[in-house]
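Q: Going by numbering that gives the first Met the number 0, the letters in the sequence shown line up with residues 0 to 48, in that order.
Treat each hint with caution, since some may be false.
[As the list claims (entries may be wrong)] Below, in silico cross-link-like pairs of lysine-lysine (BS3-like), each with a Cα-Cα straight-line distance of 25 angstroms or less:
hint, residue 1, residue 2
1, Lys47, Lys36
2, Lys29, Lys46
3, Lys28, Lys46
4, Lys47, Lys28
5, Lys47, Lys29
6, Lys36, Lys46
Hints in this document: simulated from the structure, not taken from any laboratory.
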Amino acid sequence: MTALFNFAEEDRTAWIEEEGEYMDLYTGKKVSLQAIKMEGHSFVLAKKC
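Please build the complete structure, drawing on both the sequences and the hints.
A: This is the structure in structure tokens:
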């Protein structure tokens with residue numbers, strides 16, 4: 000499982016490069032964990048498919 004958090008008020012990019020397909024456990028959508036744009040005060044909880 001991978002957890003990403005943006006505690007800033009501004010949008011930020013999480014510069015990671017995880018290979019493979021992941022499922023966002025909050026939205027249920029498939030996501031790619033490569034350079035993720037995150038809104039301020041947001042999070043991503045993802046599990047490898």
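Q: Hint by hint, say whether it matches the structure.
A: Okay, the hints, checked on the actual structure:
Taking the CA atoms of Lys47 and Lys36, the gap is about 19 angstroms. The hint holds against a cut of 25 angstroms. Pair hint Lys29 plus Lys46 holds up; C-alpha atoms about 10 angstroms apart against a cutoff of 25 angstroms. For the proposed pair Lys28 and Lys46, the alpha carbon gap of about 11 angstroms is at most 25 angstroms, so the pair holds. Pair hint Lys47 plus Lys28 holds up; C-alpha atoms about 12 angstroms apart against a cutoff of 25 angstroms.
Annotation: proposed proximity of Lys47 to Lys29 holds, straight-line Cα distance about 9 angstroms (limit 25 angstroms). Taking the CA atoms of Lys36 and Lys46, the gap is near 18 angstroms; set against the 25 angstroms cutoff, the hint holds.
Comparing the model with each numbered hint stated earlier shows that all of them hold.
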